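4 protein chains.
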Amino acid sequence: MTFEANPQGKQVCVVVGVGPGNGAALARRYAREGYAVALLARSTETTEPLAVELGDARAYACDVTDAASVERAFEAIGRELGPAHALVYNAGSGTWGTVEEIAPALLEGAFRVNTLGLLLTAQKVIPQMKAQGGGSIVVIGSTASRRGVARTAAFAPAKAAQKSLAESMARHLWPQRIHVALIIVDGVVDLPRSRAFMKDKPDDFFISPDAVAETAFRLSTQPPSAWSFEVEARPFGETW
Amino acid sequence: MTFEANPQGKQVCVVVGVGPGNGAALARRYAREGYAVALLARSTETTEPLAVELGDARAYACDVTDAASVERAFEAIGRELGPAHALVYNAGSGTWGTVEEIAPALLEGAFRVNTLGLLLTAQKVIPQMKAQGGGSIVVIGSTASRRGVARTAAFAPAKAAQKSLAESMARHLWPQRIHVALIIVDGVVDLPRSRAFMKDKPDDFFISPDAVAETAFRLSTQPPSAWSFEVEARPFGETW
Amino acid sequence: MTFEANPQGKQVCVVVGVGPGNGAALARRYAREGYAVALLARSTETTEPLAVELGDARAYACDVTDAASVERAFEAIGRELGPAHALVYNAGSGTWGTVEEIAPALLEGAFRVNTLGLLLTAQKVIPQMKAQGGGSIVVIGSTASRRGVARTAAFAPAKAAQKSLAESMARHLWPQRIHVALIIVDGVVDLPRSRAFMKDKPDDFFISPDAVAETAFRLSTQPPSAWSFEVEARPFGETW
Amino acid sequence: MTFEANPQGKQVCVVVGVGPGNGAALARRYAREGYAVALLARSTETTEPLAVELGDARAYACDVTDAASVERAFEAIGRELGPAHALVYNAGSGTWGTVEEIAPALLEGAFRVNTLGLLLTAQKVIPQMKAQGGGSIVVIGSTASRRGVARTAAFAPAKAAQKSLAESMARHLWPQRIHVALIIVDGVVDLPRSRAFMKDKPDDFFISPDAVAETAFRLSTQPPSAWSFEVEARPFGETW
Chain S
57 MTFEANPQGK QVCVVVGVGP GNGAALARRY AREGYAVALL ARSTETTEPL
107 AVELGDARAY ACDVTDAASV ERAFEAIGRE LGPAHALVYN AGSGTWGTVE
157 EIAPALLEGA FRVNTLGLLL TAQKVIPQMK AQGGGSIVVI GSTASRRGVA
207 RTAAFAPAKA AQKSLAESMA RHLWPQRIHV ALIIVDGVVD LPRSRAFMKD
257 KPDDFFISPD AVAETAFRLS TQPPSAWSFE VEARPFGETW
Chain E
57 MTFEANPQGK QVCVVVGVGP GNGAALARRY AREGYAVALL ARSTETTEPL
107 AVELGDARAY ACDVTDAASV ERAFEAIGRE LGPAHALVYN AGSGTWGTVE
157 EIAPALLEGA FRVNTLGLLL TAQKVIPQMK AQGGGSIVVI GSTASRRGVA
207 RTAAFAPAKA AQKSLAESMA RHLWPQRIHV ALIIVDGVVD LPRSRAFMKD
257 KPDDFFISPD AVAETAFRLS TQPPSAWSFE VEARPFGETW
Chain C
57 MTFEANPQGK QVCVVVGVGP GNGAALARRY AREGYAVALL ARSTETTEPL
107 AVELGDARAY ACDVTDAASV ERAFEAIGRE LGPAHALVYN AGSGTWGTVE
157 EIAPALLEGA FRVNTLGLLL TAQKVIPQMK AQGGGSIVVI GSTASRRGVA
207 RTAAFAPAKA AQKSLAESMA RHLWPQRIHV ALIIVDGVVD LPRSRAFMKD
257 KPDDFFISPD AVAETAFRLS TQPPSAWSFE VEARPFGETW
Chain Z
57 MTFEANPQGK QVCVVVGVGP GNGAALARRY AREGYAVALL ARSTETTEPL
107 AVELGDARAY ACDVTDAASV ERAFEAIGRE LGPAHALVYN AGSGTWGTVE
157 EIAPALLEGA FRVNTLGLLL TAQKVIPQMK AQGGGSIVVI GSTASRRGVA
207 RTAAFAPAKA AQKSLAESMA RHLWPQRIHV ALIIVDGVVD LPRSRAFMKD
257 KPDDFFISPD AVAETAFRLS TQPPSAWSFE VEARPFGETW
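Chains S, E, C and Z are the protein sequences, given in the same order.
The first sequence begins at 57 in the working numbering and counts up by one.
The second sequence begins at 57 in the working numbering and counts up by one.
The third sequence begins at 57 in the working numbering and counts up by one.
The fourth sequence begins at 57 in the working numbering and counts up by one.
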């Protein structure tokens, strides 16, 4: 069986949530290792050029909180690239506010993007991975998943739910050779908009998206004799 | 100012999620200590008789996942009983299933009942408590909030999100003298339907709803010099 | 069987580590509830007058890090007051320093006082409690047991070991009706020496020893249907 | 400056606790990557032949619980191989028993091997690493560090203390470019003596020492923009 956007039949990696930071770095990392990559974002405006740059890659518009949109995207991925061998879930959102400040819709929206979307996309790839005898699902989480502080009343519950779902998935799927893992991003990712807010910080204050991508790729290729579930990505100078 | 259903001007406790188990025991415990009690459940079928039994109490129909319904219930509580001094959040749900088995709507539903409802009801009582110089919000959580296992793919994320929200609330509200606390129920609550499923278990296998209510009431009255956030309610014979 | 220092045959509580703070408050709390109390400290200089004040109480010199000293103290307690029904372990120490600053002897000393002493004293009372059909062991822990920070290189490992031992004990002893619990003291206890260092802090910055004692006593008398293992004692205004 | 046992001036890795399992695999992994390796064990009986096999390596007899022995070993390492750039702490012990069964000396012995030895050896290499502008310290921990169960009354407290010390070290040393990390070994390592006890288990039940060594080496070479502290090494089929 051949796939039009993956003529060499490379293993397929689906990166969900491709913006200019971790998402693009993840896509580049897996592509460099020989994966055909599906790039999912709400619009394909920035992912189309990235797909062209990467070669065996294609951009898909997908709203991860909408089951029908997820359905359409994965149907197209399966047809054009083939079944997924790796899923990297990088969709997320980061509203700040205390319990007194946040609108309930913000809490619900954060949950839908971080957790519901993980379930919807995971349910698409799990049967494909089982059919292939294994695979990996790497979730880009956050230190907010470990604790809620005053101003993360909307964000922390969403990340905690995401972590809990990932853990439930790991306990169920590891014995079936699907490696579910969670990266705890603990620090500020190096993005144009982070730099704009934090002009006084030195370069090494920031987490490099390439380093996050490296961590994710290592998790996707760990030997099954010693898998990790939860791994921090934290700059050496961060206070924790 | 006097209230028709609270003529003596007792302190008011709102119990959210009153069924035959913890909810009824909580209502009785706070009533016994001199609180006027608002009983919230989806229907008032079983809470009306309980309100009559308790005296200074009233039953309210409320769907905690619906902002308008919460709005109506708390408007009525404020008018009939007065501003809340204690909120006990006992609404919850417990679907079982792995990531491969659960419908996405189950995950979302569990989140809405356990977490969104906590936000909606807390946002109603926080201003009232601040106006009174303090108060307490006790959340009836679960050991599932601490970890996701294979068959809690829908339930654990919801409870983890609930715990995270409660923690965020605690960090924000404690300094304002509002004691937010979480009870980790770790075991099977003694209910007719639990007994029906587990006929071979001795009495002391089960968690008594009265003991959960006792724990909640103690949290509501802890001295502010030594507050607890997270407290287990676990039978002595439970494996953990 | 009668005991010279406990003529009415009251239940016996052994408080290990009685100084002017939590220890004295613990002793007073249990005495007030009708316990005969054994007061253990390295010297009996301050505990003798406390024993006289409390009535059915007696002071014992004990170095908890020395098995022979523990042996002598518990032999005397058993003879003079009777078998223990409650043990409150309040011995502890709090050296500050980073890994580069601490002498290895400080790490070892902290371990011996916080953890080895808990084992030595627990091993004395467990058979007594089993013979009575139950009992309680409450350990006064610290937030340092949950995490090591830069300047707790000696203290945090000792408290982490203490918590781990308490947890192991709980899992083994709960089914035998011995309630092992841990209080996480998270803040500065109100002591003359704390006040001397923190003269600008308001009264409600401090944890009242009476509030810690109240928490301990509640744990000793929780119904076995809903026991707690780990309970925080944290002032409402503390940052955590 | 040249070193007799490291004539090419390779970076030096000190592996503490070299037996037939993780220790030997660790030594091989770092040697393969171009490190000169110091092999520490109580006796040099099995490490001498390994040193010969590895080439730029040397065996040292060292009792990690004895400050003078540690002093002698590191003096010799510094003289013969040069200052350490990596330390892998694999010394450990695994007595089983409940609080009622263990002799206090077992608790203390476990603490000394797992925690005191880590402090003693870390204090030797930290100044060397600072002088070189950085380094890495990888501790081989255990899932027992996360919780104490009934039969780990001696082992779990020692591993919890070790983890706490490692965390304190990490928070202090990361900003100085020394990467302290902890591997949570969660499963049975593939050793002749494990196999003898578990003859019915398939090969993939066991953790391969090579996989642990791979994880350790990856930690030693992580980019400082995204360091991890705590990483599990758990077989895909393990129940957790």
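There may be inaccurate statements among the hints.
Since the list gives no way to pick out one identical chain from another, each pair is judged satisfied if it fits inside one copy or across any two copies.
[What the hints assert, rightly or not] In silico DMTMM-like pairs for lysine to aspartate or glutamate, Cα to Cα no more than 20 angstroms straight-line: (1) LYS186 - GLU270; (2) LYS180 - GLU104; (3) LYS186 - ASP260; (4) LYS66 - GLU109; (5) LYS180 - GLU157; (6) LYS66 - GLU127; (7) LYS257 - GLU101; (8) LYS180 - GLU156; (9) LYS255 - ASP119; (10) LYS255 - GLU101; (11) LYS186 - GLU127; (12) LYS257 - ASP112; (13) LYS180 - ASP256; (14) LYS180 - GLU127; (15) LYS257 - ASP119; (16) LYS257 - GLU127; (17) LYS180 - GLU109.
No lab work stands behind these hints: they were computed from the structure.
Nothing here was measured: the structure is a model prediction, and the numbers come from that model.
These are the hints, each one checked on the structure:
| no. | hint | result |
| --- | --- | --- |
| 1 | LYS186 - GLU270 | neither (25 angstroms within a copy, 26 angstroms between copies) |
| 2 | LYS180 - GLU104 | neither (23 angstroms within a copy, 46 angstroms between copies) |
| 3 | LYS186 - ASP260 | between (40 angstroms within a copy, 18 angstroms between copies) |
| 4 | LYS66 - GLU109 | within (17 angstroms within a copy, 40 angstroms between copies) |
| 5 | LYS180 - GLU157 | between (36 angstroms within a copy, 12 angstroms between copies) |
| 6 | LYS66 - GLU127 | neither (22 angstroms within a copy, 54 angstroms between copies) |
| 7 | LYS257 - GLU101 | neither (30 angstroms within a copy, 52 angstroms between copies) |
| 8 | LYS180 - GLU156 | between (37 angstroms within a copy, 10 angstroms between copies) |
| 9 | LYS255 - ASP119 | neither (33 angstroms within a copy, 47 angstroms between copies) |
| 10 | LYS255 - GLU101 | neither (28 angstroms within a copy, 58 angstroms between copies) |
| 11 | LYS186 - GLU127 | within (19 angstroms within a copy, 47 angstroms between copies) |
| 12 | LYS257 - ASP112 | neither (37 angstroms within a copy, 42 angstroms between copies) |
| 13 | LYS180 - ASP256 | neither (43 angstroms within a copy, 36 angstroms between copies) |
| 14 | LYS180 - GLU127 | within (8 angstroms within a copy, 38 angstroms between copies) |
| 15 | LYS257 - ASP119 | neither (34 angstroms within a copy, 45 angstroms between copies) |
| 16 | LYS257 - GLU127 | neither (42 angstroms within a copy, 41 angstroms between copies) |
| 17 | LYS180 - GLU109 | neither (27 angstroms within a copy, 50 angstroms between copies) |
Hints 1, 2, 6, 7, 9, 10, 12, 13, 15, 16 and 17, counting from the list given before, are not met by this structure.
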